[in-house]
Structures are given as structure tokens and as C-alpha cells.
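**Q** What follows is the residue order along each chain.
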Amino acid sequence: AQTVTQSQPEMSVQEAETVTLSCTYDTSESDYYLFWYKQPPSRQMILVIRQEAYKQQNATENRFSVNFQKAAKSFSLKISDSQLGDAAMYFCAYRFYNQGGKLIFGQGTELSVKP
Amino acid sequence: NAGVTQTPKFRILKIGQSMTLQCTQDMNHNYMYWYRQDPGMGLKLIYYSVGAGITDKGEVPNGYNVSRSTTEDFPLRLELAAPSQTSVYFCASRRQGNQPQHFGDGTRLSIL
Numbered sequence: 001a002q003t004v005t006q007s008q009p010e011m012s013v014q015e016a017e018t019v020t021l022s023c024t025y026d027t028s029e030s031d032y033y034l035f036w037y038k039q040p041p042s043r044q045m046i047l048v049i050r051q052e053a054y055k056q057q058n059a060t061e062n063r064f065s066v067n068f069q070k071a072a073k074s075f076s077l078k079i080s081d082s083q084l085g086d087a088a089m090y091f092c093a094y095r096f097y098n099q100g101g102k103l104i105f106g107q108g109t110e111l112s113v114k115p
Numbered sequence: 001n002a003g004v005t006q007t008p009k010f011r012i013l014k015i016g017q018s019m020t021l022q023c024t025q026d027m028n029h030n031y032m033y034w035y036r037q038d039p040g041m042g043l044k045l046i047y048y049s050v051g052a053g054i055t056d057k058g059e060v061p062n063g064y065n066v067s068r069s070t071t072e073d074f075p076l077r078l079e080l081a082a083p084s085q086t087s088v089y090f091c092a093s094r095r096q097g098n099q100p101q102h103f104g105d106g107t108r109l110s111i112l
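Protein chains in written order, with the working numbering: chain A, 1 to 115; chain B, 1 to 112.
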């Protein structure tokens with residue numbers, strides 16, 4: 001069965017610095033998608049970035065980028081120039097290519113940003 | 001577009017009561033999902049639907065039922081509520097293809 005593991009329950013970063021959140025997953029499939037979602041205290045689920053497994057190039061969205069290592073089944077999120085508004089719970093998620101495209105979530109990493 | 005709308009936002013139930021959590025989307029998405037999020041945890045899939053009239057179980061379906069009679073609506077039914085069902089429930093939908101899921105704002109449900 002597919003699993004997603006986030007080994008860092010909490011992380012802290014100084015404002016304007018860079019932080020990397022880790023995520024590993026287990027799957028026997030070759031086609032799938034990976035996502036990072038942000039959940040602020042308002043509990044909204046906000047899409048941060050996504051990666052298609054067939055693409056070798058790492059996805060980038062402004063200050064957010066990923067390091068996707070398919071063979072190692074690793075999908076880390078890098079946040080550059082951290083801002084106070086980045087403080088939130090971050091979830092890594094695996095999406096099946098088939099099976100209705102359902103998501104499997106990791107346990108989450110709570111990121112705090114110090115001014 | 002309102003996106004994905006969930007009602008109610010909060011609800012307190014007594015053990016053994018039943019209720020329906022409503023979810024509707026106005027984006028004409030084929031795929032819809034129900035997740036639950038327990039404190040300090042990630043979301044877990046309860047049920048999903050790939051189109052009107054088609055539903056399937058997720059990771060944690062016990063104690064829940066769903067129906068999908070229209071594209072827009074995907075209600076989640078709790079029968080005989082139990083304290084273990086205290087959680088935040090999220091509904092989501094997406095378009096076909098590689099599009100991401102759009103989430104509602106969640107329903108916080110407490111069963112006492």
C-alpha cells in the first residue's frame with residue numbers, strides 16, 4: 001500500500017531564510033503525482049506546488065521549489081526567503097494516477113517563522 | 001464561482017444520533033472526495049466518487065455512507081454517531097486529468 005512519511009513534526013526558520021521540509025513515500029507504481037499543501041490556522045487546504053512523476057524537472061512556484069528524487073522516493077519542499085505568512089502546517093500528498101486520483105497524505109510538518 | 005461549499009461549519013452531536021454533511025461544488029467537476037482530519041494528523045480518505053452514480057470506499061469508510069445523484073452534490077451520512085468520529089471533515093473536487101483537488105473549508109464535528 002502507498003504510504004507517505006514526513007519525518008519532521010516541527011520545523012522553525014528565521015524570516016528571510018530558507019527551510020527544507022522532507023517527505024518520502026512508498027509506491028510500486030511508475031505514474032503518479034505529488035503535492036505539497038499548506039494548512040494555516042484557518043484550516044483551509046491550500047495547494048502550494050505539484051509534481052508529475054514522469055517529469056524529471058523539479059517544479060517551482062515563486063519562492064517554493066521541490067527536490068524530486070524518483071528513485072529514492074523523496075519529495076522535499078524548499079521555501080526561500082521565508083515570510084511570516086508561511087507559518088502553517090504543511091502536508092505532503094501522493095496522488096494515484098488511476099483509482100479516482102485519490103490522495104494519501106503524510107502526517108504533516110508544522111512550520112514556524114521567527115521574525 | 002463559490003468553489004466547494006460545505007455545510008454546516010460546526011456541529012455537535014450526541015452519541016447515536018445521525019446527520020448528513022453537505023458538500024456541493026459549482027465547477028462541474030466529475031471527481032469528488034470526503035476526507036477526515038483528526039487532531040495533529042493528515043487527511044484520510046473516507047469515500048470518493050468519479051461521477052454521478054458512482055462511489056467507492058477510501059481508507060476509513062466504516063460508519064459512513066455517501067451518495068452521488070448529481071454532479072454537484074456529494075453528501076456524507078453518519079449513522080449512529082460515535083465519539084471516534086469526532087474530527088474535521090473536508091470535501092474536495094477536481095476536474096479530469098492532472099488537475100489538483102479543490103478543498104472546501106471543512107466541517108468541525110464533535111460527538112459527545
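These are computed hints drawn from the structure, not numbers from a lab.
A hint or two may mislead.
Unchecked claim - Derived CB-CB ranges, DEER-like:
(1) B:Ile15 x A:Lys55: 29 to 37 Å
(2) B:Glu79 x A:Gln69: 41 to 49 Å
(3) B:Asp56 x A:Pro41: 46 to 54 Å
(4) B:Ile12 x A:Ala71: 13 to 21 Å
(5) B:Ala52 x A:Lys114: 26 to 34 Å
(6) A:Ala71 x B:Asp73: 40 to 48 Å
(7) B:Asn30 x A:Lys73: 40 to 48 Å
(8) B:Thr5 x A:Gln69: 33 to 41 Å
(9) B:Asp56 x A:Ser30: 18 to 26 Å
Claimed, not checked - Listed below are the simulated DMTMM-like cross-link pairs for lysine to aspartate or glutamate, each with C-alpha atoms no more than 20 Å apart in a straight line:
(10) B:Lys44 x A:Glu15
(11) A:Lys73 x A:Glu29
(12) B:Lys44 x A:Asp26
(13) A:Lys78 x A:Glu29
(14) B:Lys9 x B:Asp73
(15) B:Lys9 x B:Glu59
Quick reminder that beta carbons are idealized off the backbone N, C-alpha and C, glycines included.
**Q** Each hint: holds or not?
**A** Checked hints:
no.	hint	in the structure
1	B:Ile15 x A:Lys55: 29 to 37 Å	violated (49 Å)
2	B:Glu79 x A:Gln69: 41 to 49 Å	holds (44 Å)
3	B:Asp56 x A:Pro41: 46 to 54 Å	violated (32 Å)
4	B:Ile12 x A:Ala71: 13 to 21 Å	violated (49 Å)
5	B:Ala52 x A:Lys114: 26 to 34 Å	violated (49 Å)
6	A:Ala71 x B:Asp73: 40 to 48 Å	holds (43 Å)
7	B:Asn30 x A:Lys73: 40 to 48 Å	violated (29 Å)
8	B:Thr5 x A:Gln69: 33 to 41 Å	holds (38 Å)
9	B:Asp56 x A:Ser30: 18 to 26 Å	holds (23 Å)
10	B:Lys44 x A:Glu15	violated (32 Å)
11	A:Lys73 x A:Glu29	holds (11 Å)
12	B:Lys44 x A:Asp26	holds (17 Å)
13	A:Lys78 x A:Glu29	violated (25 Å)
14	B:Lys9 x B:Asp73	holds (17 Å)
15	B:Lys9 x B:Glu59	violated (23 Å)
Against the hints set out earlier in the document, violations occur for numbers 1, 3, 4, 5, 7, 10, 13, 15.
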